[in-house]
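Undergrad: Sequence:
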Amino acid sequence: MTVRTQIVVLLLLLSCARAADKPKLPDQVFAAKTIAVIAHVGRVPAASDLKRESKLKAEAEKELRKERYFDVVSDPDQADLVLLVLGGGESVWKELFSPSILLPPGIPPRLWDTSEVIGVVVSGGQQPRWSAVPLWVSEEGTARSVSHNFHDYLRKRGKPRPGAQARTEVPESQPAEERQSPHRNADVPPEILSAKTVSFLYFLRDWPEGSPDAPRVGPGGFSVAESLERWGRFALIENPEKADLVFAVYRDWWDDVDDLGRQALLIFRGGQRPDWASMPQWMENSDDRELWRESHLVQLLRKDIEATERGSKLSIAPEQSTSPPSAAPISVASTGDQPKVFVFVQRSDRHAKYSTPEVFHDVLNDLLDYLKTKNVAIAVDEVGGRNHAHAATPLDTIFTIARGARASSVMYVVVDRPLTQWLKITVQCFEMNHKQLWQEEALSGAGGLTNRHGFEVATNKLHTQLDKRVGQDGLPIVPIAKEPVAEKQ
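Going by our numbering, the letters in the sequence shown line up with residues 1 to 489, in that order.
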């Protein structure tokens, strides 16, 4: 054998070895011909920014069409794959440092970007056995970058393009308003609250082998599994098709920042029936200084679940607070004659972003206790005890609930977290014809070292302001009749 022949054989062997080492695409991805895009913005998919969703979807679809690996279709049930584009994540560095402060050494400027988008590829409705287990996950700055990164993943793993295959053109994206999805506030969905079993998956950026056949619990994921076991709320099982939920924990390492990265917990419904309108059902991002502990995601989820369950108990409090704590006999006018106020407390987007659910529920509970001590007549929603929301609720909806509760007025309260204040509470009182009767506002100021100080300052101010309103228009009180004097014999 000549030297030239030996070199050729050696090169062939090296190329074969390199091909053998190339990570294999999951079968569903390798054979897929169609893909659909679903965009969600916000913590809970169904309560989101429809305008931005439409924009993210259009960007992702445009990039997918450019590379021509797939036909882009509009119906996820008719697609081999579905790309979930999940927007709304905030940069951890915006939380840690003020933009007015110089960026610390070693922190790349791109980390200030607040438009971070997570891309998740799952099986589409055309797959013979649908599963919620992600086939690919990545995080980028834009929806376009997510699609581009997915193409790069396909190219490195040798997915062939369809070539001259006839391709069906579809509109780039339907308006987000056409997507029918029930409105939902930021409380944890009941499907998660009632779940008993969880299938757990952990992976890094560019997940090894890019396949569910990779280890279900990889390096670093053990802390998440241990946290779930210590919590004891869910039983961990292997088969996602038999689990109530699928927990996918994603870790994105930043090569240019030692030992730092972003973690995300994506919660999907288990089984074999997709629910595209609520996928994922929940999302937790560890972006509040706990950058190196994936187990912190479990703590965040636990707090959210406990706050939701605590809020459900608080929502029936007005029904128990229409009577004063006195043991003296009370004479209450008939339901038709007694004016009552319907109280609804809402959390602003800024408060949801910069504060905690506990502070919101503390304000709600404090207000209800105050009205109880003042003997204010409160109208109660008999359908579900609705009296608060963690996200924007239209006033028309609030007035509809108030009419069902036979209220004569509405007290609408917004709990806010301004940039320069710990807490801001705004109270508006309306007649049932939407005419505003009065408005009060209580600010905490920027003093004190904790939001607890701000809570006490703001609520005390609000009590003082409401004292002059009790018994006036919009805040009726339950009349207390004097005890009848016994007639002398």
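Think of the hints as simulated: they come from the structure by calculation, not from any bench.
Backbone N, C-alpha and C define an ideal beta-carbon position, used for all residues, glycine too.
Be aware that one or more of the hints could be misleading.
Said to hold, decoys possible - Below, simulated PhoX-like cross-link-like pairs (lysine-lysine); rule was C-alpha separation at most 25 Å, straight line:
1. Lys51 with Lys303
2. Lys51 with Lys62
3. Lys156 with Lys33
4. Lys55 with Lys66
5. Lys374 with Lys303
6. Lys353 with Lys424
7. Lys55 with Lys33
8. Lys51 with Lys66
9. Lys51 with Lys33
10. Lys468 with Lys435
11. Lys374 with Lys461
Unchecked claim - Taking CB as the label site, the calculated pair distances span:
12. Gln299 with Gln465: 31 to 41 Å
13. Gln472 with Arg406: 16 to 26 Å
14. Gln436 with Arg155: 53 to 63 Å
15. Lys159 with Arg452: 21 to 31 Å
16. Gln439 with Gln78: 16 to 26 Å
17. Lys353 with Gln78: 48 to 58 Å
18. Gln78 with His434: 41 to 51 Å
19. Gln465 with Asn239: 52 to 62 Å
Undergrad: Compare the structure with each hint and give your call.
TA: For each hint, the structure was consulted:
1. Lys51 with Lys303: Violated, because 30 Å separates the two Cα atoms, which is more than 25 Å.
2. Lys51 with Lys62: Given pair Lys51, Lys62 holds - Cα atoms ~17 Å apart, limit 25 Å.
3. Lys156 with Lys33: With Cα atoms ~18 Å apart, Lys156 and Lys33 stay inside 25 Å; holds.
4. Lys55 with Lys66: The hint holds at about 17 Å.
5. Lys374 with Lys303: Violated: Lys374 and Lys303 sit about 32 Å apart, past 25 Å.
6. Lys353 with Lys424: holds (14 Å)
7. Lys55 with Lys33: holds (24 Å)
8. Lys51 with Lys66: Within the cut-off at roughly 23 Å; holds.
9. Lys51 with Lys33: Measuring from Cα to Cα gives roughly 29 Å; hence the hint is violated.
10. Lys468 with Lys435: holds (20 Å)
11. Lys374 with Lys461: holds (16 Å)
12. Gln299 with Gln465: 31 to 41 Å: Given about 37 Å between the Cβ atoms, the range holds.
13. Gln472 with Arg406: 16 to 26 Å: Since Gln472 and Arg406 have Cβ atoms about 20 Å apart, the given range 16 to 26 Å holds.
14. Gln436 with Arg155: 53 to 63 Å: Cβ of Gln436 to Cβ of Arg155: about 60 Å, so the range 53 to 63 Å holds.
15. Lys159 with Arg452: 21 to 31 Å: With Cβ atoms ~55 Å apart, the hint is violated.
16. Gln439 with Gln78: 16 to 26 Å: violated (51 Å)
17. Lys353 with Gln78: 48 to 58 Å: Violated, since Lys353 and Gln78 (Cβ atoms, about 37 Å apart) do not stay within the stated range.
18. Gln78 with His434: 41 to 51 Å: holds (45 Å)
19. Gln465 with Asn239: 52 to 62 Å: Check passed, 57 Å falls within 52 to 62 Å.
Violated hints, listed in ascending order, are 1, 5, 9, 15, 16, 17; each of the other numbered hints is respected by the structure.
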